[in-house]
Structures are given as structure tokens and as C-alpha cells.
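For the record, the sequence lines run as chains A and B. The letter at position 8 of the first sequence is residue 8 when you use our numbering, and the numbering goes up by one with no holes. The letter at position 1 of the second sequence is residue 1 when you use our numbering, and the numbering goes up by one with no holes.
Hints may contain errors.
Facing chain B, a subset of chain A residues (Cβ under 10 Å, in silico) [stated by the list, open to error]:
(1) 4
(2) 9
(3) 29
(4) 39
(5) 45
(6) 54
(7) 93
(8) 100
(9) 101
(10) 102
(11) 106
(12) 107
Straight line, CA to CA, 25 Å or less: simulated SDA-like cross-link-like pairs of lysine to any residue [said to hold, decoys possible]:
(13) A:95 to B:29
(14) B:57 to A:98
(15) A:95 to A:15
(16) A:95 to B:66
(17) B:104 to A:22
(18) A:55 to A:1
(19) B:104 to A:97
If you want a taste of the chain B side facing chain A, the calculated C-beta under 8 Å gives, among others [said to hold, decoys possible]:
(20) 31
(21) 42
(22) 43
(23) 45
(24) 48
(25) 52
(26) 53
(27) 103
(28) 104
(29) 105
(30) 107
(31) 109
None of these hints come from the bench; they were simulated from the model. Note that beta-carbon positions come from the ideal geometry of N, C-alpha and C, so glycine has one too.
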Amino acid sequence: AQTVTQSQPEMSVQEAETVTLSCTYDTSENNYYLFWYKQPPSRQMILVIRQEAYKQQNATENRFSVNFQKAAKSFSLKISDSQLGDTAMYFCAFKVIQGAQKLVFGQGTRLTINP
Amino acid sequence: DTGVSQNPRHKITKRGQNVTFRCDPISEHNRLYWYRQTLGQGPEFLTYFQNEAQLEKSRLLSDRFSAERPKGSFSTLEIQRTEQGDSAMYLCASRPREGIDYEKLFFGSGTQLSVL
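Sequences and hints are given; from them, build the entire structure.
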């Protein structure tokens with residue numbers, strides 16, 4: 001079974017700073033996806049960024065980028081030039097490419113951006 | 001398209017009562033998920049539909065829980081004989097059958113259940 005661990009329950013940074021959220025996972029699979037989802041206080045969860053395990057290049061989406069270390073089973077999210085609107089719960093998630101269709105989520109990191 | 005719609009937004013019930021939640025996915029999304037989320041925790045997988053077929057079901061789902069997706073459109077999640085431990089946010093998500101968003105889940109706002 002796959003597990004996803006986020007070891008930082010809460011983080012807080014000042015606006016415009018850079019912050020990195022950590023995620024580790026455990027799997028015996030070789031082909032899978034990793035995701036970061038954001039859940040703002042309004043509670044509707046949205047996808048931030050996605051990484052395919054077979055791609056060596058780290059995914060980027062504007063101010064959001066990941067550091068994917070497959071051998072270490074690590075998948076961290078970096079938010080550059082943080083904004084007040086980045087305040088949210090952030091969840092790391094895992095899904096195999098073939099087989100089970102469920103996403104397995106971590107426990108989440110509550111990120112607060114302070115003005 | 002207005003996104004994934006869930007009703008009701010809030011439900012308060014007494015222990016032992018049955019409750020039913022509804023999810024309307026984005027039209028033409030053939031894949032539908034139900035998750036449960038307790039305060040401060042990540043979403044916990046409950047079940048997955050592809051069209052009308054329920055293809056995956058969590059072992060955590062007791063016999064009191066049942067989900068349906070007749071005709072492959074909207075879905076319902078029923079909890080029978082509710083217990084206080086069922087209090088949680090129930091999230092629905094849908095996924096398209098193809099395209100650049102194929103692996104992206106689109107979530108609804110959830111139904112918050114409180115069992116007294």
C-alpha cells in the first residue's frame with residue numbers, strides 16, 4: 001500500500017518570501033503521479049501542480065515548482081514570491097498510473113502567508 | 001459549466017438516522033470519487049466510479065455506507081444508522097475521460113455532516 005507523509009503540520013512566512021513544503025511517500029511502484037493540491041479556507045480543493053514519475057525534469061507552474069527526488073521518494077513544493085492568496089492547506093497526493101485509480105493524500109500542511 | 005456540485009452543504013442529524021448526499025459532477029466527466037475528510041486531516045478515499053460502475057471501494061467503508069451512480073451521471077452517498085464518528089466533510093470529485101486534465105481531480109465544496 002502507498003503512504004504519503006507530510007511532516008510539517010503548519011508553516012508561516014511573510015508575504016513575498018519563498019517557502020518549501022515537504023512530502024515523502026512510500027511505494028513499490030515505478031510508474032506513478034505525484035500532485036500538490038491546495039485547499040483554501042473556502043474548502044474547495046484545487047490542483048496546484050503535477051509530476052509524472054517517469055519525467056526527470058521537475059514540474060513548474062508560474063510561482064510553484066517541485067523538487068522531485070525519485071530515489072529518495074521525496075516531492076517538495078516550492079512557492080516563490082508568496083502571496084496572501086497562497087494561504088491554505090496544502091496536500092501532497094500519489095496515484096499509480098496503471099491499476100487503482102484512487103489518489104492517496106498526505107495529512108496536509110497549513111500554510112499562512114503574513115502581510 | 002459550474003463545476004462539481006454537492007448538496008446539501010451542511011447536514012445535522014441525530015445518531016441512528018440515515019443520511020444521503022448528492023454529487024453532480026462536471027458534465028462529461030465519466031470518473032467520480034468520494035472522499036471523507038476530518039478536521040485537520042487529508043482526504044480519505046471512500047469509493048470510485050467509472051461511468052455507472054463502482055470499481056473501487058475502500059476497506060474502511062463499513063456496510064453502513066453505500067454509493068450509487070445510476071446512469072453514470074450524478075452520484076449519491078448514503079450512510080445508514082449514523083454514528084458520531086461519521087461526522088466529517090464528505091468530498092466529491094470528478095475527472096474527465098481524456099485530455100490534458102485527464103489526471104486532474106475537480107473537487108466540489110463538500111457536505112459537512114454533524115452527527116449529534
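Status of the hints after comparison with the structure:
A cut of 10 Å between beta carbons decides the hint on residue 4 of chain A: the least distance to chain B is about 8 Å, and the hint holds. The interface hint given for residue 9 of chain A is met, as the beta carbon of that residue sits about 8 Å from the closest beta carbon of chain B, less than 10 Å. With 10 Å as the threshold, the beta carbon of residue 29 of chain A stays out of range of chain B, its nearest partner Cβ sitting at about 15 Å, so the hint is violated. Here the hint on residue 39 of chain A is kept, as its CB sits about 8 Å from the closest CB of chain B, short of 10 Å.
The beta carbon of residue 45 of chain A comes within 4 Å of a beta carbon in chain B, closer than 10 Å, and the hint placing it at the interface holds. With a least beta-carbon distance of about 13 Å to chain B, the hint placing residue 54 of chain A at the interface is violated under the 10 Å criterion. Because the smallest distance between the Cβ of residue 93 of chain A and any Cβ of chain B comes to about 8 Å, under 10 Å, the interface hint for this residue holds. Because the smallest distance between the Cβ of residue 100 of chain A and any Cβ of chain B comes to about 6 Å, under 10 Å, the interface hint for this residue holds.
Using the Cβ-Cβ criterion of 10 Å, the hint placing residue 101 of chain A at the interface with chain B is satisfied: the shortest such distance is roughly 5 Å. Interface restraint check: residue 102 of chain A against chain B, minimum CB-CB distance 4 Å, threshold 10 Å, status holds. Against a cut-off of 10 Å between C-beta atoms, the interface hint on residue 106 of chain A holds, since the closest Cβ of chain B lies about 5 Å away. Given hint, residue 107 of chain A at the interface with chain B, holds; its Cβ is 5 Å from that chain's nearest Cβ, closer than 10 Å.
Among the hinted pairs, residue 95 of chain A with residue 29 of chain B is consistent with the structure: their alpha-carbon atoms are about 18 Å apart, no more than 25 Å. Under the criterion of a C-alpha separation no larger than 25 Å, the hint pairing residue 57 of chain B with residue 98 of chain A is consistent with the structure, at around 17 Å. For the proposed pair residue 95 of chain A and residue 15 of chain A, the alpha carbon gap of about 32 Å is over 25 Å, so the pair is violated. Using a Cα cut-off of 25 Å, the hinted pair residue 95 of chain A and residue 66 of chain B holds, with the two alpha carbons roughly 24 Å apart.
With a CA separation close to 21 Å, the supplied pair residue 104 of chain B and residue 22 of chain A stays within the 25 Å bound. Distance hint between residue 55 of chain A and residue 1 of chain A is fulfilled; the C-alpha atoms sit about 23 Å from each other, no more than 25 Å. As the CA atoms of residue 104 of chain B and residue 97 of chain A are separated by approximately 13 Å, the hinted pair is consistent with the 25 Å bound. Contact between residue 31 of chain B and chain A, as hinted, is supported at the beta carbon level, the nearest pair being about 7 Å apart and thus within 8 Å.
Below 8 Å, beta-carbon pairs count as interface contacts, and residue 42 of chain B has one with chain A at about 4 Å; its hint therefore holds. Interface hint status for residue 43 of chain B: upheld, as the beta-carbon distance to the closest one in chain A is roughly 5 Å, under 8 Å. Nearest Cβ of chain A to the Cβ of residue 45 of chain B: about 4 Å, under the 8 Å cut. The hint holds. The interface hint given for residue 48 of chain B is met, as the beta carbon of that residue sits about 5 Å from the closest beta carbon of chain A, less than 8 Å.
The interface hint given for residue 52 of chain B is broken, as the beta carbon of that residue sits about 15 Å from the closest beta carbon of chain A, more than 8 Å. Against a cut-off of 8 Å between C-beta atoms, the interface hint on residue 53 of chain B is violated, since the closest Cβ of chain A lies about 12 Å away. Checking residue 103 of chain B against chain A by beta carbon gives a least distance of about 6 Å; that is within 8 Å, so the hint holds. Annotation: interface hint on residue 104 of chain B holds; nearest CB of chain A at approximately 5 Å, less than 8 Å.
Restraint check, residue 105 of chain B versus chain A: the minimum CB separation of about 7 Å is within 8 Å; hint holds. Taking 8 Å as the C-beta contact cut-off toward chain A, the hint placing residue 107 of chain B at the interface holds, the least distance being around 4 Å. For residue 109 of chain B, the suggested interface contact is upheld, since its CB lies about 5 Å from the closest CB of chain A, less than 8 Å.
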